[in-house]
Amino acid sequence: MEKNETSNSKEQNTFFEQEFKLLSDAQSFLEDSNTKEDPKQKLRTIVGSYESLLKQSSKIMKIGDSTQHRLLKTQEALTDSNIMLEAAYMDLKLVTEIGKIITSSLEPKIIIQSVYENTKSIVPMDVLAFGTYDEEKKEIKYKFCVIDGRYVPAPSVDSLEEDNPSSYCVNQQKELITLDIEKDFPQYSSDIRKHFGENSQSALYFPLKVEERLIGILTVHSYSKNAFQPNQLNILRTLANYVAIGVDNADAYRTLSKRNKELKDSLEKIEVLNKSIEEERQKSENLLLNILPRSIADRLKGGEGVIADYFPSSTVLFADIVGFSKLTTKIQTPTRLVEILNRIFTEFDVIADKYKLEKIKTIGDCYMLAGGIPVPTEDHAHKAAQAALDMLHRLEELKPELEFEFNVRIGLHTGEVVAGVIGKNKFVYDLWGDSVNTASRMESHGATGRIHVSESVYLSLKDKYNFEDRNVIEVKGKGPMHTYFLQGIK
1 MEKNETSNSK EQNTFFEQEF KLLSDAQSFL EDSNTKEDPK QKLRTIVGSY ESLLKQSSKI
61 MKIGDSTQHR LLKTQEALTD SNIMLEAAYM DLKLVTEIGK IITSSLEPKI IIQSVYENTK
121 SIVPMDVLAF GTYDEEKKEI KYKFCVIDGR YVPAPSVDSL EEDNPSSYCV NQQKELITLD
181 IEKDFPQYSS DIRKHFGENS QSALYFPLKV EERLIGILTV HSYSKNAFQP NQLNILRTLA
241 NYVAIGVDNA DAYRTLSKRN KELKDSLEKI EVLNKSIEEE RQKSENLLLN ILPRSIADRL
301 KGGEGVIADY FPSSTVLFAD IVGFSKLTTK IQTPTRLVEI LNRIFTEFDV IADKYKLEKI
361 KTIGDCYMLA GGIPVPTEDH AHKAAQAALD MLHRLEELKP ELEFEFNVRI GLHTGEVVAG
421 VIGKNKFVYD LWGDSVNTAS RMESHGATGR IHVSESVYLS LKDKYNFEDR NVIEVKGKGP
481 MHTYFLQGIK
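Residue numbering for the sequence shown follows my numbering, beginning at 1 and increasing consecutively.
30 Å max Cα-Cα, derived DSBU-like pairs, lysine-lysine:
1) Lys141 to Lys209
2) Lys283 to Lys269
3) Lys359 to Lys464
4) Lys258 to Lys141
5) Lys120 to Lys174
6) Lys194 to Lys174
7) Lys354 to Lys383
8) Lys141 to Lys194
9) Lys143 to Lys225
10) Lys138 to Lys194
11) Lys354 to Lys462
12) Lys399 to Lys354
13) Lys356 to Lys301
14) Lys209 to Lys174
15) Lys183 to Lys138
16) Lys73 to Lys59
17) Lys62 to Lys73
18) Lys399 to Lys356
19) Lys143 to Lys209
20) Lys138 to Lys258
21) Lys225 to Lys194
22) Lys359 to Lys383
23) Lys478 to Lys326
24) Lys476 to Lys361
25) Lys194 to Lys143
26) Lys356 to Lys462
27) Lys359 to Lys301
28) Lys183 to Lys225
29) Lys359 to Lys478
30) Lys383 to Lys462
31) Lys120 to Lys141
32) Lys138 to Lys109
33) Lys225 to Lys209
34) Lys137 to Lys258
DEER-style ranges, computed between Cβ atoms:
35) Trp432 to Arg294: 20 to 28 Å
36) Arg294 to Thr255: 40 to 48 Å
37) Asp469 to Thr329: 33 to 41 Å
38) Arg70 to Asp148: 48 to 56 Å
39) Asp309 to Asn471: 34 to 42 Å
40) Ser57 to Lys183: 53 to 61 Å
Bear in mind the hints are in silico, worked out from the structure with no lab data behind them.
Being a predicted model, the structure only gives us computed values, none of them experimental.
The C-beta atom is built at its ideal place from N, Cα and C for all residues, glycine as well.
When you get a sec, could you build the whole thing from the sequences and use the hints?
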């Protein structure tokens with residue numbers, strides 16, 4: 001094209017040069033009166049040259065017209081190409097969006113419905129169906145179909161051991177494309193119409209593969225002949241690839257779900273067994289923890305032999321039910337007696353747990369706990385005081401339920417103790433030291449319904465609690481001691 005245009009330009013330049021020369025020659029001849037040339041002959045020469053120029057001019061005009069025509073045709077072709085490219089881009093964009101929907105779905109039914117709803121505007125389809133490949137039965141089962149816009153769940157089957165459109169695709173390993181079923185594949189017309197209706201005229205069958213594995217077949221039908229254009233076939237081929245990936249993902253998900261369910265069932269059986277084992281282990285653990293603090297039990301299980309720990313500061317509490325021995329004569333049965341005692345001490349256990357205090361033991365109708373052991377804490381006196389107040393309050397609440405008038409004396413002392421485990425067959429976590437004896441004396445020298453404390457407890461809590469000064473009293477085995485009654489928190 002560029003070569004021709006360059007040649008045309010050169011011809012035009014030569015023409016204008018010759019025209020100018022002819023004009024110059026004519027003017028020179030007319031102005032030269034002394035010329036000896038024959039005027040007729042000179043005129044003939046000029047006429048001949050002019051005639052040659054006219055012919056050359058005509059030729060150049062024809063070339064120009066031809067070039068302009070070619071340019072117009074090229075412009076039209078470019079416009080058409082742009083329109084086609086724009087349409088192809090929109091189709092590609094739509095196909096890509098449909099592909100995202102397809103590959104993100106895990107249900108073949110939803111996949112087929114999505115393809116139909118989003119593609120019917122650009123491809124004239126009246127029937128869209130997906131057939132799954134059953135390798136064991138050697139058949140294609142079309143159980144996902146959209147016919148005339150309605151989802152039709154009723155399955156139809158093509159045996160791959162018989163001659164039909166599906167076996168043609170699988171055995172030939174290629175697409176089946178017909179724009180006129182009666183003309184191209186009359187042997188298949190009855191099968192096609194039996195499965196997908198009497199109106200099918202054009203039919204497409206696309207084998208679906210993922211990594212050379214046959215997944216199934218996607219088939220599209222139209223009630224019109226010559227229904228599908230080449231660009232529409234390309235769109236459907238692309239969608240068929242998306243469908244293959246989507247259905248394969250759905251199959252993988254179903255397989256994984258099935259295996260997960262089997263695994264879940266197995267795990268549930270194992271869990272039942274483990275639960276039984278754990279229940280038995282927990283029973284043993286609970287029995288051990290009912291006897292020993294957890295940290296001490298862990299140390300024993302870890303292989304420690306003798307356990308004895310010194311605590312420079314701990315608060316020991318004794319709570320004794322006043323006149324319990326006399327009350328036993330009024331309670332009709334031993335069972336009822338134990339029930340009442342268990343009810344009271346169970347409430348005390350709840351309070352001990354609430355304040356993270358360690359129950360040591362019960363001795364008849366006396367309840368013993370301690371704070372700051374086996375894990376040292378700085379606020380053990382405060383927690384023991386709160387527990388003592390809660391015990392008095394809770395016992396008052398229980399009186400209507402217990403049917404008898406129960407009261408309690410509580411004693412507290414803060415000091416150093418030794419804690420450890422004694423025994424071999426029946427473990428006991430216990431406390432030793434003068435602090436234990438002093439706390440016991442605070443209880444026995446106290447008053448009904450009151451909390452009797454030593455001076456060490458008073459000094460620890462005087463800024464937070466109200467006390468009644470009892471002054472110095474004689475304490476059995478201890479001599480004179482300055483003691484107090486704990487009244488409540490400030």
